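Heads up: the protein sequence lines correspond to chains A and B, in order.
To convert a position in the first sequence, counted from 1, into this note's numbering, add 2.
To convert a position in the second sequence, counted from 1, into this note's numbering, add 2.
The reader is advised that the hints may include incorrect statements.
No distinction is drawn between identical chains; accordingly, a pair holds when it is met within one copy or between any pair of copies.
[Said to hold, decoys possible] Calculated pairs, DMTMM-like style, for lysine to aspartate or glutamate (alpha carbon to alpha carbon, straight line, at most 25 Å):
#1 Lys21 with Glu340
#2 Lys9 with Glu242
#3 Lys378 with Glu240
#4 Lys378 with Asp83
#5 Lys25 with Asp324
#6 Lys25 with Glu319
#7 Lys122 with Glu93
#8 Lys9 with Asp199
#9 Lys378 with Asp258
#10 Lys122 with Asp161
#11 Lys21 with Asp375
Read the hints as simulated data drawn from the structure, not as lab findings.
These figures come from a predicted structure and were not determined experimentally.
Spelled out, the chains give:
Number of protein chains: 2
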Amino acid sequence: MTTTTPKGFRAAGLSAGLKPSGKDDLALVVNDGPTYAAAGLFTSNRVKAAPVLWSEQVLRTGTVQAVILNSGGANACTGPDGFADTHRTAEAVAAALDIGAVDVAVCSTGLIGERLPMDKISGAISPLVNALSADGGADAARAIMTTDTVPKTADYEADGWSIGGMAKGAGMLAPGLATMLVVITTDAVMDPAALGDHLARACSVSFERIDSDGCMSTNDTVLLLSSGASGTAVDDDEFEAALTGVCLDLARQLIDDAEGAAHTIAITTRGAASTADAVEVGRTVARSNLLKCAVFGRDPNWGRVLAAIGTTAAAFEPDRLDVAFNGVRVCRAGGIGEPRSLVDLSSRAVRIEIDLHAGAAEATIWTNDLTYDYVKENAEYST
Amino acid sequence: MTTTTPKGFRAAGLSAGLKPSGKDDLALVVNDGPTYAAAGLFTSNRVKAAPVLWSEQVLRTGTVQAVILNSGGANACTGPDGFADTHRTAEAVAAALDIGAVDVAVCSTGLIGERLPMDKISGAISPLVNALSADGGADAARAIMTTDTVPKTADYEADGWSIGGMAKGAGMLAPGLATMLVVITTDAVMDPAALGDHLARACSVSFERIDSDGCMSTNDTVLLLSSGASGTAVDDDEFEAALTGVCLDLARQLIDDAEGAAHTIAITTRGAASTADAVEVGRTVARSNLLKCAVFGRDPNWGRVLAAIGTTAAAFEPDRLDVAFNGVRVCRAGGIGEPRSLVDLSSRAVRIEIDLHAGAAEATIWTNDLTYDYVKENAEYST
Numbered sequence: 003m004t005t006t007t008p009k010g011f012r013a014a015g016l017s018a019g020l021k022p023s024g025k026d027d028l029a030l031v032v033n034d035g036p037t038y039a040a041a042g043l044f045t046s047n048r049v050k051a052a053p054v055l056w057s058e059q060v061l062r063t064g065t066v067q068a069v070i071l072n073s074g075g076a077n078a079c080t081g082p083d084g085f086a087d088t089h090r091t092a093e094a095v096a097a098a099l100d101i102g103a104v105d106v107a108v109c110s111t112g113l114i115g116e117r118l119p120m121d122k123i124s125g126a127i128s129p130l131v132n133a134l135s136a137d138g139g140a141d142a143a144r145a146i147m148t149t150d151t152v153p154k155t156a157d158y159e160a161d162g163w164s165i166g167g168m169a170k171g172a173g174m175l176a177p178g179l180a181t182m183l184v185v186i187t188t189d190a191v192m193d194p195a196a197l198g199d200h201l202a203r204a205c206s207v208s209f210e211r212i213d214s215d216g217c218m219s220t221n222d223t224v225l226l227l228s229s230g231a232s233g234t235a236v237d238d239d240e241f242e243a244a245l246t247g248v249c250l251d252l253a254r255q256l257i258d259d260a261e262g263a264a265h266t267i268a269i270t271t272r273g274a275a276s277t278a279d280a281v282e283v284g285r286t287v288a289r290s291n292l293l294k295c296a297v298f299g300r301d302p303n304w305g306r307v308l309a310a311i312g313t314t315a316a317a318f319e320p321d322r323l324d325v326a327f328n329g330v331r332v333c334r335a336g337g338i339g340e341p342r343s344l345v346d347l348s349s350r351a352v353r354i355e356i357d358l359h360a361g362a363a364e365a366t367i368w369t370n371d372l373t374y375d376y377v378k379e380n381a382e383y384s385t
Numbered sequence: 003m004t005t006t007t008p009k010g011f012r013a014a015g016l017s018a019g020l021k022p023s024g025k026d027d028l029a030l031v032v033n034d035g036p037t038y039a040a041a042g043l044f045t046s047n048r049v050k051a052a053p054v055l056w057s058e059q060v061l062r063t064g065t066v067q068a069v070i071l072n073s074g075g076a077n078a079c080t081g082p083d084g085f086a087d088t089h090r091t092a093e094a095v096a097a098a099l100d101i102g103a104v105d106v107a108v109c110s111t112g113l114i115g116e117r118l119p120m121d122k123i124s125g126a127i128s129p130l131v132n133a134l135s136a137d138g139g140a141d142a143a144r145a146i147m148t149t150d151t152v153p154k155t156a157d158y159e160a161d162g163w164s165i166g167g168m169a170k171g172a173g174m175l176a177p178g179l180a181t182m183l184v185v186i187t188t189d190a191v192m193d194p195a196a197l198g199d200h201l202a203r204a205c206s207v208s209f210e211r212i213d214s215d216g217c218m219s220t221n222d223t224v225l226l227l228s229s230g231a232s233g234t235a236v237d238d239d240e241f242e243a244a245l246t247g248v249c250l251d252l253a254r255q256l257i258d259d260a261e262g263a264a265h266t267i268a269i270t271t272r273g274a275a276s277t278a279d280a281v282e283v284g285r286t287v288a289r290s291n292l293l294k295c296a297v298f299g300r301d302p303n304w305g306r307v308l309a310a311i312g313t314t315a316a317a318f319e320p321d322r323l324d325v326a327f328n329g330v331r332v333c334r335a336g337g338i339g340e341p342r343s344l345v346d347l348s349s350r351a352v353r354i355e356i357d358l359h360a361g362a363a364e365a366t367i368w369t370n371d372l373t374y375d376y377v378k379e380n381a382e383y384s385t
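Next up, chain A with everything else stripped away, as it sits in the complex (with noise of 0.2 Å):
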């Protein structure tokens, strides 16, 4: 399972003694080939941590043959030093594996504005390269784990080929172009100028359509490497169907074990002029704090959603819009529908479905409500 379900992949997590917990904190993932070829999506925060800087760099090699990821310290706002802490991480794991600096990417997770301590990291480099196995994947998955309470994995596999992946992300989950830490790898054969395509394709719909908190990290970012290993040459929309099942796999896991969520919402807008407008209606809506809350008290509260839908630039008419809580069509035409008390919201899941009556187009956007455990996490822990 996991990112060495695929052929080609080696993998390993262990503490390095970043967390004060003493739990696993540094993970890698090595590819050993026959190829190498990478693609890589980044956070669009115009503040970057230096492992983004850094990684943002090799991709544009089209290869990565390792991939460092630390939890315990997001090595952001850290400055020239901070980026040198990353530069000298990637150094110290080609080294030891006997390849190029340029050919590591590196990530990082953890509190913005810390350096990292890199004597911890470099002693450790030495025991996670002798620690890499084919089966080392699960325990890389639990290294990259920050408030998650459950490591996430997923994978696919066909015939003769196969995909894997591992993610981690609790909190600041809003991504404007990739999403928290996403390693995913594949043993296809693949041509190396497909795979960036195939996986911003597969992202847009996946990890940018997940938000669970409105806050867009500085460390945002989703790999996928291809070994080439399993010798079979894959269908281009075989392999981002299987891709995109993959990430969206990841997607709902990420949300699912959001920071204190109480409910999973899955927001639907239809009738939209295009899937940028259900997408905007979608996120605004996802980003309402008071309608957050209101599902959290089980609240099937359709005004919130008007209020938050008004503020929005779709292609609507006011009087036009209906809402639905759980199949129930609790607003129609703009006004007052079936009764609120028709309303069940006990159990985790929620749906939320909107039509714009404005088009044919659709979307769907994945939140989670705001509970007295987001906040409590969120003001009590430094992350």
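Take the given structure of chain A and dock chain B to it, following the hints.
Below, chain B alone, put in the same frame as chain A:
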């Protein structure tokens, strides 16, 4: 004090039985002239409540003789029937005052998506008109409260003329144009054509610079009524300065009483290339749930400030950003500055100062923290 401070105004407030609590819920402010010039600003939400649609029409005439305001129901998303309810309310007030319905503005606040109990409102109009008095401003201010814990009033008294105002609002505070329900009166003799310009400029640096929870209401209304009863002609600059002061006073009172807030946060952005950039940066930071939780937890988490700034389109270089919490520059040149431990966030008032080092413009946005009580108030009660 309040709307009856200026000469030429009477006001009243009473309970019409709209609120289950039995508290006052209906208010009336009447301009007895000799002049009736008025200006108004309304929510830019595209989903507008019936009273907003009605009052926008009333304000087109440039005069208003009376404003009736109810709490206990927003009359938003109530369709043609809801608009007819607003119309009937204006007509009933007009009949009792022997004026035209088109001279009566209507404001409502409360739960969206419920019809108003028109029998109760109709029955209360006559007692309300009978209760009008030249010192009824405080009663009116109390009758428009919803989740407000205190009434909000302000006034300005000059030599021979004055301005008075009242406001309500404690949630859904994020104006796109005007905000909440606000009625401001003056007895200054003012050029009617200039009233609107003065109001727009005063609001742009007051109500438009507070942002409690990022949620824009369907009912936001600010009305400015002038009676000319002082007989004193006032210099335009002097009037606008006084009006701006009253608006800022009321705006600060709104944020100080925001739902569940434990801290009032003033975010000042300096060194911006334009005022628009400074406002965008401040508002974006004000909407970061992660930052708002951190302040609640008394954590000067400047990384969350930078992560929010990075999502804006404002002119800045990430490695030149400075951020101070209560005077301690914890972030310098985009990196680590003074120790976080030097920051004391125990007092109600918190100052966050951002320097973009990109120009000479500045702006302050006021917001509050995100607390257990905000979640409780918005999860347990429909508003």
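Structure-based check of each hint:
1. Lys21 with Glu340: Between copies only: 23 Å across, 51 Å inside.
2. Lys9 with Glu242: within (19 Å within a copy, 73 Å between copies)
3. Lys378 with Glu240: Close neither inside one copy (44 Å) nor across copies (48 Å); limit 25 Å.
4. Lys378 with Asp83: So Lys378 and Asp83 fail the 25 Å test inside a copy (33 Å) and across (43 Å) alike.
5. Lys25 with Asp324: The answer is neither: 48 Å in one copy and 34 Å across copies each exceed 25 Å.
6. Lys25 with Glu319: Classified as neither; 53 Å inside a copy, 36 Å across copies.
7. Lys122 with Glu93: Classified as within; 15 Å inside a copy, 77 Å across copies.
8. Lys9 with Asp199: Only inside one copy: Lys9 and Asp199 sit 23 Å apart there, 70 Å across copies, limit 25 Å.
9. Lys378 with Asp258: both (18 Å within a copy, 22 Å between copies)
10. Lys122 with Asp161: neither (42 Å within a copy, 72 Å between copies)
11. Lys21 with Asp375: Classified as within; 22 Å inside a copy, 31 Å across copies.
Violated hints, in rising order: 3, 4, 5, 6, 10; the structure is consistent with all others.
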